[in-house]
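Asker: Protein chains in written order, with our numbering: chain A, 10 to 375; chain B, 10 to 375.
Do not rely on the hints blindly, as some may be mistaken.
Copies of the same chain look alike in the list, so a pair counts if it fits in one copy or across any two.
Lysine to aspartate or glutamate pairs mimicking EDC-like chemistry, simulated, CA-CA at most 16 Å apart [claimed, not checked]: (1) K360 <-> E315; (2) K329 <-> D346; (3) K338 <-> D356; (4) K52 <-> D240; (5) K313 <-> D361; (6) K357 <-> E315; (7) K329 <-> E269; (8) K299 <-> E12; (9) K186 <-> E269; (10) K33 <-> D287.
What the hints contain is simulated information worked out from the structure, not anything from laboratory work.
Here are the chains, one letter per residue:
There are 2 protein chains.
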Amino acid sequence: MNENRYCVIMAGGSANHFWPISRKSRPKQFLDADGSGKSFIRKTYERFAGIIPAENILVVTLSRFAGLVKEQIPEIDDCNILMEPYGRNTAPCILFSTCEVLRRNPDAVIVTTPADHAINDEDAFRNDMLSIMEHAENNQVLMTLGILPTAPETNYGYIQVTGGRGSVEEKRPVKVKTFVEKPDSNLAEVFCKSGEFLWNSGIYAWKASLIKEELEKYTPEVISMFKGIEDALGTAYEQAFLERAYSDCPKISIDYGVMENTDRAWLYPGSFGWQDADTWESIMRNMDDKDPAGNVFHAAHTLKAEDSGTLLMTDGSHGKKLYAIKGLKDYIVIDTDDALLICPRDDKQYKDLLSGLGMPEYEDFR
Amino acid sequence: MNENRYCVIMAGGSANHFWPISRKSRPKQFLDADGSGKSFIRKTYERFAGIIPAENILVVTLSRFAGLVKEQIPEIDDCNILMEPYGRNTAPCILFSTCEVLRRNPDAVIVTTPADHAINDEDAFRNDMLSIMEHAENNQVLMTLGILPTAPETNYGYIQVTGGRGSVEEKRPVKVKTFVEKPDSNLAEVFCKSGEFLWNSGIYAWKASLIKEELEKYTPEVISMFKGIEDALGTAYEQAFLERAYSDCPKISIDYGVMENTDRAWLYPGSFGWQDADTWESIMRNMDDKDPAGNVFHAAHTLKAEDSGTLLMTDGSHGKKLYAIKGLKDYIVIDTDDALLICPRDDKQYKDLLSGLGMPEYEDFR
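This is chain A alone, in the form it adopts within the complex (with noise of 0.2 Å):
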């Protein structure tokens, strides 16, 4: 393997939408889902070990998931854990990653993802991360891997590529026109139908110096505080140095600080069945487990009568617990040790649920 490649694992998001199986002491990206007893952390650290040296796969995490990231990867060498004091979303989190990788390799080149999406065809994720890996070798371009959408989503943002639907259908790297928030449904409608709108996956790859360069270019305000993080990093002060640079940091996500505004963002367009579902109700949408009527029960002994639409979910800690259910129409059911959700599938309801009844005090629950 190319010993000039390497992955930074983004893993630092605190998101509890799954609450009570997702807390904000143990987020989606440590979670089992799906119930193969590997979490989306884990899943993603396998992808990329068959094709990066496993020395240079990082992950960046606040320093409170240290230990997660541990038991889910326990492989990983541990001064590949980059430990971010406060999230700052992703522009702050890419620069100090940069800056970590450029000190062991100045000819490194990149691939950067986000630790909690869902894949479906494993072997063409590869296919297509080795092509966008090849392409920022050989360009000084700035590669984002959009994906080509298979129903007008509104949760996800897109990327508008120029050379039209015909360049997307090639299946080879395009310049980006732009860059686009979540649409409304009726705009995302008009941009399926269009063919030269992905969805933004959120997976980049670059040469570490030219990412860096760009950062310089395009976020001075992020820069600004992270001035002399070459001579902290692998010193006594650099956790110092980060808690400080962190402290002040604004946040700002590197679509909105550089990758709208550059002229080097270019899209390959992927193909390998990805979600990056972050409600009860996406991840029931996706689910191809369901029964006739459209439950899912994810536990090893149920008894169903008269149930449609409905999801039951547990974390695992049950795995001799009967569940015997009747005549619920679209709820979601999901049992951990310490807590019992029944709600309406509809997020609205399960958001209401948690907000409207003081949820932060029972976030951590126990």
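With chain A's structure known, arrange chain B on it following the hints.
Answerer: The following block gives chain B in isolation, referenced to the frame of chain A:
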């Protein structure tokens, strides 16, 4: 306390009407249904311990429940746990326990009581017990305790007294006219309005020698099975004797076998708040801690939203669990260590769910 007074607690039932809290392996009498920390049998024992010498309180149960009796009543002497090899209803149970009591004390007067009833006013209950024991001591009668009906219940048997409404209102012993099985709702209305029908509590008081005589007179099919029991009790052959006797004995209740036939049946009208709730629906109806929407959530930590008429019960193994439940109307949610039941509160739907789906295999599910 009068040393001739005995209490026999009948605790051999194996009803699991309250699955998943009750099981074949831990039926209702061994449950703490109201979260008080004490099981029905424990409360029954303590109720009588105040008025009957502790060494005169016996429990009759199935052999397989002997451990549960000892768990709930650690202070009971092993020789006061009488073990039936099989359940054969109350007549054989009363014959067996009566013979054992007679062996210890030919002058005994026995109160016989189920182990799984709920009593509201313990002081009133004890006063009524003392009254029926006294009446049984001074007369050649089989006393039964009737309960003044508070509603036209169709889940209880009724007893009609001679002397009409007046004798009941005077709260004095009165001769029984007839025993009636559980009526339909129209008949129950008529019974309640008449004022001369009382609920059959299944609590009796009689001289041991008298009930023995009456059993000999009216239940020869039981008596013939137990011929020679006096010689077997307290010997190494007792267990083998009981195994044979119970094995072939028909199932006969004391009401059907004796009380409906004898002319010695008398009733004392009790009034101490009594329930023999045996369905979730009736448990729910008798609960007085409902919220304004008619819910009862028996758990330490709950989030309710738009629920109504819903019962949440746990088996006490989840003291720290949070129950977040939205939009359930007239449901029961029962959460135990190894089973979760979610079902419309309606008795029929509950029974359908369990029986219609091969419940027996799940009764002792673990």
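Asker: Should K313 paired with D361 be assigned to within, between, both, or neither, using CA atoms and 16 Å as the limit?
Answerer: between (27 Å within a copy, 11 Å between copies)
Asker: Reference check for the pair K329 and D346, CA-CA at most 16 Å: within, between, both, or neither?
Answerer: both (13 Å within a copy, 9 Å between copies)
Asker: For K357 vs E315, is the C-alpha pair at or below 16 Å within one copy, between two copies, both, or neither?
Answerer: Close across copies (14 Å), not inside one copy (24 Å); limit 16 Å.
Asker: Quick one: K33 to D287, C-alpha cut-off 16 Å, is that within a copy, between copies, both, or neither?
Answerer: within (15 Å within a copy, 43 Å between copies)
Asker: As a check of your reading, is K52 near D240 (CA-CA no more than 16 Å) within one copy, between copies, both or neither?
Answerer: Neither, since 34 Å and 74 Å both go past 16 Å.
Asker: Taking 16 Å as the upper bound on the Cα-Cα distance, should K338 and D356 be classified as within, between, both, or neither?
Answerer: Within one copy only: 15 Å inside, 20 Å across.
Asker: Go through the copies and call it for K360 and E315: within, between, both or neither, with a Cα cutoff of 16 Å.
Answerer: between (26 Å within a copy, 14 Å between copies)
Asker: With identical chains, the pair K329 and E269 could be close in the same copy or across copies; at 16 Å between alpha carbons, which is it: within, between, both, or neither?
Answerer: So K329 and E269 fail the 16 Å test inside a copy (51 Å) and across (48 Å) alike.
Asker: If the cutoff is 16 Å on CA atoms, where do K186 and E269 land: within, between, both or neither? Let me know, please.
Answerer: Only inside one copy: K186 and E269 sit 9 Å apart there, 93 Å across copies, limit 16 Å.
Asker: Is it within a copy, between copies, both, or neither that the alpha carbon of K299 lies no farther than 16 Å from that of E12?
Answerer: Cα proximity of K299 and E12: none, with 44 Å in one copy and 68 Å across.
In summary, the structure is inconsistent with hints 4, 7 and 8 from the numbered list given earlier, while agreeing with the others.
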